[in-house]
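Novice: For reference, the chains in residue letters:
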Amino acid sequence: MMVRKLLLIALLLILPVTAQAQKVEEISDFKITVDVNSLAHVRYDITLKNLIDKPVVPGIGEIRLQKVEPLKVAFISVPFTEQRKAVKVSDVKAYSDGKTFKVSVEEKEDYTVIVYEIWYPIEPGKTLSFTVEYNADIVDSGLLFKSVTIPIGTDTDIRNLEINVNSNWKLTFAEPPAGNSPMWRGSLPAGSIAFYTAEFSMLPLPTMPVRGYVVIWGALLGLFLILLVIGLRR
Amino acid sequence: MAVERFRKIGLVGIIITLIIITINTSAAAPLQVNIEEKIGSTVTPDGIENNGNVQFSYQTNVTGFVNITNNDPDDYLYDVWVAVDIPNLKGECSYEGSRTDVSAGSSLAVPDKINKQGVFNTSGANCFIHIPVLAPGETVSVFYDVNDSEAGLADGAPFVVEERYDPFKIPSRGEFTWTVYLNVSPNITWLGNTQLPNTATASMKIVKYLSNDTMHFGSQNWKTLKVVGTPTTNNGNVNTYSGNYTGAADSTIVFSRISLNLNNPSNSVNTSFQVEGNYTSNDAFTTRFEPFGFAVFEFSISSGNVSGAKVVDVFAFGNASIAVNKSGPDANNNWMGNATITNTASGLTYVVTNVTLWATQQGDFSNYVQNNNFNNLNCSGGTALDSPNVICGYEPNQQLTESTSYTTGNMEFTYDQVPIIWANATFKLIEDDTNGWGTASNTANAANITYGSDFIVIEKIYVIGTYLVKVTKYVQANASAGDNVFDVWLVVENLGGERSPYVYVYDLIPERFSEYNWNDNWTDVRQDGNWVNNSSMFSGIGNVNNPMGGYTKGYWWRLYPLEGGANGDGDYMDYDEIDANQSVVIFYQVQGSGDFKVLDAFLVGIDPMLSMNEQTSPKITLVSGAKATSYESVMALATAFAGLVAIVSYRKRS
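Protein chains in written order, with the working numbering: chain A, 1 to 234; chain B, 235 to 888.
Just chain A, same shape as in the assembly (with noise of 0.2 Å):
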C-alpha cells in the first residue's frame, strides 16, 4: 500500500533518501490547514530554520500539487481506474509579517507547481515564518459525503507536522484517527510522503473507524438486498 502511494508522486521528486547529509535548513513547524467546502482552502504556516553556521536566503521553493483520482462516466468513478490531474489552485498567495512574497502558479501536464520567492536571509540557528495560502478543488465530493485525501512529501525534514482539517459538516472518518486539536501531528523525514485521509457528512453521524459512506451507503444496499431476497422467496 505504501508503495503504491509512493509510486502515486514519484515522478514529481528525485529526493534523497539515503545517507544523511549536512542539512542547511529544515522545516521546523508546518501546520497544515483545510476548510473544506466546494473547493478546498489550504493553508501552510511554515516555519524554516537556519542549520547551518552561514546566512541562508531560502530563494525560491515550490509546492507540487497532483490529485489522482479515478476516471470518471457521466459522475460515476469507475473503480480499479486511475488518472493523474493538475490541481486547479486560485488565490494564491504567500506572506509574513506584512511582508507579500512573490508567487506564480505553473499547470504542468499532470500537476501544478507553486512558485513562491523568499530573498529574507535566515541567520544561522534562527527561523523565519510564512504562509502560503490558496484554495484547490482537492474535495471528493459525493452525496452525502465529502472527503479530502492529503498527501504530504517534501525533500526536506519536517520536524513538527500539525494537519487540521475544518468542515460544516461532521467529521464521520479520520485516517490516521482525528485527535482534539490539532487533529494530527507528527514529524516527516525528507523523502517520505503522509497522507491524511477526513471525510465529512451532512447527516448527523459519528465519528467512525470506517469511511461513513460505506457504512451508509452499505447499510441501505443491504437492505434492499434482503428486500430483494424476501420479495423473490415471497
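By construction, these hints were calculated from the structure, which means they are not laboratory data.
A portion of the hints provided could be inaccurate.
[To be verified] Cross-link-like lysine-lysine pairs, in silico, DSSO-like; alpha carbons within 30 Å at most:
1) B:Lys861 with A:Lys88
2) B:Lys350 with A:Lys108
3) B:Lys861 with A:Lys72
With chain A held as given, fit chain B onto it using these hints.
Specialist: Frame of chain A; chain B shown alone:
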C-alpha cells in the same frame, strides 16, 4: 464665510509684509563681522543589526570663518582691527587669502594707541585680525579650526541618523529591491556640548545618491542600481533631482524644505525610498557589506555657532579730516590753538575717543614748546599731559555723524617765536547696525566641492555571495573493458575563494545503457566500474527510476564541502587539486546495448548548496494534492439499483 476667509487672507498678508520688512531692516551693518562655523561629518555604517537597523559611527570636524565685509558702497575703511574669542581654538586663526597686508593670529601686536580701554577691548580674545584697508564691497575671511575632541564634538554629529533596510541582506546575481527607511533627528547630547542657542532651528536638504563608483561610496559590482517606487517624507518635500554628482545612478532623490527644531529630539524627518540593484561579482564570497551610495545633508542653523566664538571688539574708521586752528600772538606772546575733527564719510558714524594737541618750537618737529606751570587751565576742556611741555589731551567720546565735526577746547601757551601746533585724533566706527559695525553668527554644513556638502552619510547593505562550483563530464569509450563500455568521469571543482557547502552532483543513465562493473562501494578507487576520488569526499548517493523521458535512471552523489582554489580546467587527473580536495572525480562505467545513443549521455547537473543561481539555499520542494478515495457515487448507484430491483420485484410478486 467668505468674509471670514478674506479676513484670514488679509491677516496672512500683513504677517508676510511684516516678515519682509523685518528681513529688510535686518540688513548687514556697514562693517559686518560674521562668524560662520561649518560642520563636516562622516557617518559610516559599521554593520546592521538583526532587526535591519544600521549601526553608524560618527566623525565630525568643526571649522569656522571670521568674515569681515565692508558693506558701505562708497567708503573705504581703514585700520580694521577685530578681536575674537574662540573657545577650544585649535592652533591659531589664520588668513589664507591672497592679500599680503592682512594679518591674523593669536599674538598680533595691537598698537598702543588702539590697544587701550575704551578704544579697542581685547579682553579674552585669542584671535586678532588687522586689515589696513577694506574697500567697499570687499570681504576678508579668516579661518580657524575647533579642537573637536576637547569640545566633545569629534565622535558625534548634530543629527542622529537612523537607517533601516528591509530586507537588510540581499542575494547577489539578480535584481532585488530593498526599502530604505532614513530618519534624522536632533542629537540632543551632541548639541548640549555646543553653544548653539536653545531656540535654534535647522533648515535642511537631504540629497540621496546611488553610486556604483568606488571613488564615490559605491561598488563597481552593482550592475544596476536605481530608485524605484515613490519616496516618502513626513517633513518637507521630496522629488527627483540631477545633482552635481551623477555617478551611474539612474536617479537621485532630494528631500528638501526640511525644518528641524534642534531642541526637540522627537522633531524628526522620516523618509523612505526603494532601491533596486543587481550586485554581481566575479569573485566568490560568502557575505559582503557593500556600499551602494550616500546621502548628503545640506543644512543651515539660524543663529549662533557651535564653539561659542564671539567678537570681542572691532576698531575701524573711514574718511575724516582733522584741522588745526592757530591764533596769536597777542601782545604778551600768547598763542591759542584747537583741532577740529570732521566726519567726511557718507553714512558712517564715528566716536572720537582721543585728541591730542601739542606745540613744537619754531621750525622744529620734535622739541616741544615749554611753559612753566602749563596746566589743565591751559587746556580748555582737556588735560595738560606732560607739563612743562605744551601738550593737551582731550577725551571727548563724542559721536560724529556724517558731515559733523568736533572741535577741541583751546590750548593756550606763551612762546616768543612762531610755534608749530600739531594735533592728532583717535576715532572709530561705533557699534551700530546702520552706521557702524555689527556682528552676526551662523552655522552650516561644511562645503564639499564634489557633493555640495561635507556632511555625508555612507550607506551599505549586506550582499550574500555564492560559491563557484563547476562540474565537467567526460564520456569515453573503453573497448578494453568490454563491448560498448564507456567510462564516465564527472569532475567537480570549486573555483571559488571559499570552502563550498555540500555539493550534489546529478547524472542520468540514458535508455539502452546499464551500469557496468558496479558494486555498492564507491570508495574503492580504481578497483571497479564505480568509485569517487578522493573517496573521503564521498558522502552519499541516491537514485530514482525513470526520472525523465529517455533516461532509465537518475543518480545523485553528495560530496563533502570542497576547498576553494581549483583552476576550473575540468582535468580528472589533476591530482594536486584532488589531494587538496579542490577537485573531486566521480567515475563510473556504463554499457550500451541495442540502438543506444551515446549523445544522450552528455548530460550532467550540479546543485551546490548556496549555488550561483538565484536561489541561495537548496530549493525546498513540498508535494501535496489529493487522492480520490471515495466511491460513494458507485455505492449510491448500486444501492439505487438494488432498491429499484427490490421494489419492482416486490410489486411483481404482489
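Novice: Decide, hint by hint, whether the structure agrees.
Specialist: Status of each hint after checking the structure:
no.	hint	in the structure
1	B:Lys861 with A:Lys88	holds (14 Å)
2	B:Lys350 with A:Lys108	violated (99 Å)
3	B:Lys861 with A:Lys72	holds (14 Å)
Taken one by one, the earlier hints fail for this structure only at number 2.
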